[in-house]
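Chains as they are written, first to last, in my numbering: chain L, 1 to 565; chain F, 1001 to 1164.
No lab work stands behind these hints, which were simulated from the structure alone.
Built from N, CA and C at the ideal position, the CB exists for glycine as well.
Each hint should be verified, as a subset may be incorrect.
Okay, derived cross-link-like pairs now, SDA-like style, lysine to any residue, Cα gap no bigger than 20 Å in a straight line [what the hints assert, rightly or not]:
| no. | chain 1 | residue 1 | chain 2 | residue 2 |
| --- | --- | --- | --- | --- |
| 1 | F | K1072 | L | D302 |
| 2 | L | K138 | F | D1042 |
| 3 | L | K141 | F | F1028 |
| 4 | F | K1072 | L | G180 |
| 5 | F | K1072 | L | Y181 |
| 6 | L | K138 | F | D1069 |
| 7 | L | K308 | F | M1001 |
| 8 | L | K141 | F | D1069 |
| 9 | F | K1072 | L | L178 |
| 10 | F | K1066 | L | Y181 |
| 11 | L | K308 | F | F1028 |
| 12 | F | K1066 | L | P183 |
| 13 | F | K1002 | F | S1155 |
One-sided excerpt, in silico: chain L residues whose CB lies under 10 Å from chain F [as the list claims (entries may be wrong)]:
| no. | residue |
| --- | --- |
| 14 | T121 |
| 15 | K125 |
| 16 | N127 |
| 17 | G150 |
| 18 | G180 |
| 19 | Y181 |
| 20 | Y185 |
| 21 | D302 |
| 22 | A303 |
| 23 | I306 |
| 24 | R514 |
| 25 | Q517 |
| 26 | R522 |
| 27 | R523 |
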Amino acid sequence: MRMTGAQAVVESLKKESVEIIFGYPGGAVLTLYDALYESEYPHILTRHEQGAIHAADGYARATGKPGVVMATSGPGATNLVTGIATAYMDSIPLVIITGQVAVSLIGRDSFQEADIRGITTPITKHNYLVKKVDELPKVLKEAFHIATTGRPGPVVVDIAKDVFAAEIDFYYPEKVELRGYHPLYEGDEGVLERLAVEMEKARKPLLFVGGGVNLSDTAPEVRALVELTGFPLITSLMGLGAVSDDHPLNFGLVGMHGTYAANMATTECDLLIGIGVRFDDRVTGLLEQFAPKAKVVHFDIDAAEINKNVRTDIRVLGHLKWSLSKLVDISRDKFDCEAMQEQMRPWLGQLNEWRSENPLSYEARAGQVMPQAVIEIVDELTQGDAVIVTDVGQNQMWAAQFYHFKNPRSWLTSGGLGTMGYGLPAGLGAQVGCPNKKVVVITGDGGLMMNCQELDTVAKFNLPVKIMVLNNQVLGMVAQWQRMFYGGRYAHTNMEGRTDLVKLAEAMGVPGMRVTQPDEVRRTLQEALAMPGPVLVDFRIPSDEDVMPMVPGGARLDQMVMGGK
Amino acid sequence: MKHTLAVLVENRPGVLTHISGLISRRAFNIESIAAGYTEEADTTRITVVVEADEIELEQVVNQLSKLVDVIKITDLTGMDAIHRELALIKVKASVETRSDIVDIVDIFRAKIVDVNRETMVIELTGEETKIDALCEVLHDYGIIEIVRTGKIALSRGPIPAKEL
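Please build the complete structure, drawing on both the sequences and the hints.
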C-alpha cells in the first residue's frame, strides 16, 4: 500500500499491537503527529519528555508489553536520556521514536539537531538512524524484536524529518533476520544435571531471586522450585513480588538495606543460586567477601552477566522459562523432596532465628507520622495487591521493606540507575496499562518536585493514581548519609518545604490532602484509596528518620548497622 | 596476556562507534583496533588486540557479542595464525646517511616508497616486534613520523574465522 513514512510508522505500530503512545510533539515530528491525528491513535501527552519515557517504562514494567515513546529532535530527544538510561539499567523493553532534522541538514548543527544515536549508544540495547523511507518498516520490526526478546531493553529509532513525508509501498516484514542477534532460549541441560547434584549435597542452600524473574514472568516456576525443594529464598530489590513476602521461606530483601536474615544467610550459605540477578554493588557489599562460603550458581539469559561481578561456579545460560522449568522437572523427578526438606531443617532453624532476632522494625515517635507506618497501613488497606511505584531514596527503601508484595510486576522502581523523579510519571504509565489495578505511588518531596508537572497529565486523563508523598522536607537518603558519614553537615539537602504540595496538586487538578498527626494516617489513607480519581496525600514525616538496617558502603553484608527497635 | 580477536560486524554506519564506545565504557585495555572490508560486501572485519586475563577476556567477548551488529568473534590467540601490521616510517636521510638506511631497509626486507633530498618513507609489513625493531634502529637517524595500522590476523588452513 502506498503511504507516507509517517503513516508507515503508524501502520507498523498497529502491526505490533501497540495500544498507546507516550509522547510530546515538536518540529521534526509534525508529519508523524499528523498521521497520529489522522488515525486517532491513542496517545498520552505528558508535560515533559522525561515524563513520557518514565510513563512508558512504568507501563512496560506493569504490563510486560513494550512501552512506546515519541519525541521530537534535539531537546525533545535529549530530555529522554535519563529515562532511557533508567530503562536500560533495569532491562525494560521500550521503543523510542525520535524525529531527527532532515537528511540534508544532519551534521550541520542545524536547529534542534542532536546526535541522539551517538548520545544513546551506551544506554540502549540498540539504536538506529533512519535516513531512507524504505528501511522504516524493517527497522521498526527489528526494534520491537530486539527490545522484547532476550534480555529486554530500550531501542531508539531516530528518523529524519523528511523520511516521514517520503512515500513508500508499505510492507511489514513477518520475520526478523539479524546475523548478529540470536537471543538464547535453550541452554545446556547437562549444567542443570550438575546443579542438581550440588543441590542434593547442599546443607545451607539459598535461592537469590532477581528482577529477571519478574521480567520473564517466571514467578510460578520459582514458586514451584521453592515448594519442591524447601529451599529458602532472598530477593534483590528488583526481585520483590516474584514470591509472596508472606511465604515462610521468603527471607526478604538482601543488600544495603536488606533484612538481617537475608544478609546473614548470604554470608553463611553453602550454595547460592542467583536467578536473573546482576550481583549489583548495592547487593554484594564488599565484593571479595560476598557469599564467602558458597558455591555460586548464576541463571541468566545474558552471558555477559556471568562473572561480571561475582565469580560463578555453575552458570546456567538461557531463558529462565526454559532453565527453571527444566530444573523444576529435575527436582520433581530426581529429588527425594521429603528427605531434602528434612535435611534443610537446621538451616531453616538458623534463618528463622535470625529473622526473629532482628526483624525489620522502627521506633514510633510520639505525635509524629512515621513513614514506615504509612507503608504498613497502605499494605494493610490494599492487602499487598496494589501496584507500588516508588521514587528513589528513603521512600523507595521503606516501601521495599514494609510493603508485603504478593504479585510479580507489582513493584516498579528505578533500581539500577536510581532515578529521582521516576515515581509519579511511572505510576501514571502503570495506571494507563492497568486501568483496573490500584496504583499507589510512594514518593518523597524531592522526587515529586522533579517531575511534578505530570500531576497535570494525571488530572487530564483522570488516572486514579494514589500519590503518597513522604514529605520530610529534606533529600532524605542523602541527608541520612550526611548524618552518618559526614558529621551531620547537611550540604544542600534541606528543601525547606516552602511549596504547599496540597495546593500544588490542586492547582493542577489533583485533589490534595495533608496528614500531620499519626492518628490521621489510617482514615486519610482509607479515604484516599476509596476515591474514584487521583489524589495526592502529603504526609509530614520527621526529617531525620533513617532507613535501617544499613550496610555501609564497602562493608561486608554481615557488618550491617541495625537501628530500629 | 595479549589476545587477538577477529570481530566480524555488519558493514553499517555507526558500528565502529558502538564497538569503541563499549570498549571505553567498560574500561577494557585495547592495544590496537583495525577495521576493513572483507570478502563479503556487507561484512566488516575488525581485529582487536586486548590485554586481558581469562576473566576479563570473557567479559570483552561477551559484552562485544551482545552488540546487535556483531556477527561473530573468534579468538585467534592460541591458533596457528598469521599476524601482520603495516607501518610507514618517515626518516631523515641526508646524502651521507642514505646508503646506510638503504642497507637497514634491505636487512628488514622493508621497502622504500618515497625519497627526497632530506627524507625517506619506508614501508614495512611484519609482526609487531619486527616493526618495533626497525623503528629502534632508525631512531638514530631521526624519525620524523610513524603511522601503523594496528595488527590484522588470519588463521592458517581452509576454515574462515566466521566458521571457527
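Hints, one by one, checked against the model:
| no. | hint | result |
| --- | --- | --- |
| 1 | F:K1072 x L:D302 | 16 Å, holds |
| 2 | L:K138 x F:D1042 | 17 Å, holds |
| 3 | L:K141 x F:F1028 | 33 Å, violated |
| 4 | F:K1072 x L:G180 | 7 Å, holds |
| 5 | F:K1072 x L:Y181 | 10 Å, holds |
| 6 | L:K138 x F:D1069 | 15 Å, holds |
| 7 | L:K308 x F:M1001 | 19 Å, holds |
| 8 | L:K141 x F:D1069 | 16 Å, holds |
| 9 | F:K1072 x L:L178 | 12 Å, holds |
| 10 | F:K1066 x L:Y181 | 8 Å, holds |
| 11 | L:K308 x F:F1028 | 13 Å, holds |
| 12 | F:K1066 x L:P183 | 9 Å, holds |
| 13 | F:K1002 x F:S1155 | 17 Å, holds |
| 14 | T121 | 5 Å, holds |
| 15 | K125 | 7 Å, holds |
| 16 | N127 | 8 Å, holds |
| 17 | G150 | 9 Å, holds |
| 18 | G180 | 4 Å, holds |
| 19 | Y181 | 5 Å, holds |
| 20 | Y185 | 16 Å, violated |
| 21 | D302 | 7 Å, holds |
| 22 | A303 | 5 Å, holds |
| 23 | I306 | 7 Å, holds |
| 24 | R514 | 45 Å, violated |
| 25 | Q517 | 50 Å, violated |
| 26 | R522 | 49 Å, violated |
| 27 | R523 | 51 Å, violated |
Hints 3, 20, 24, 25, 26 and 27 from the list above are not met by this structure, while the remaining hints are.
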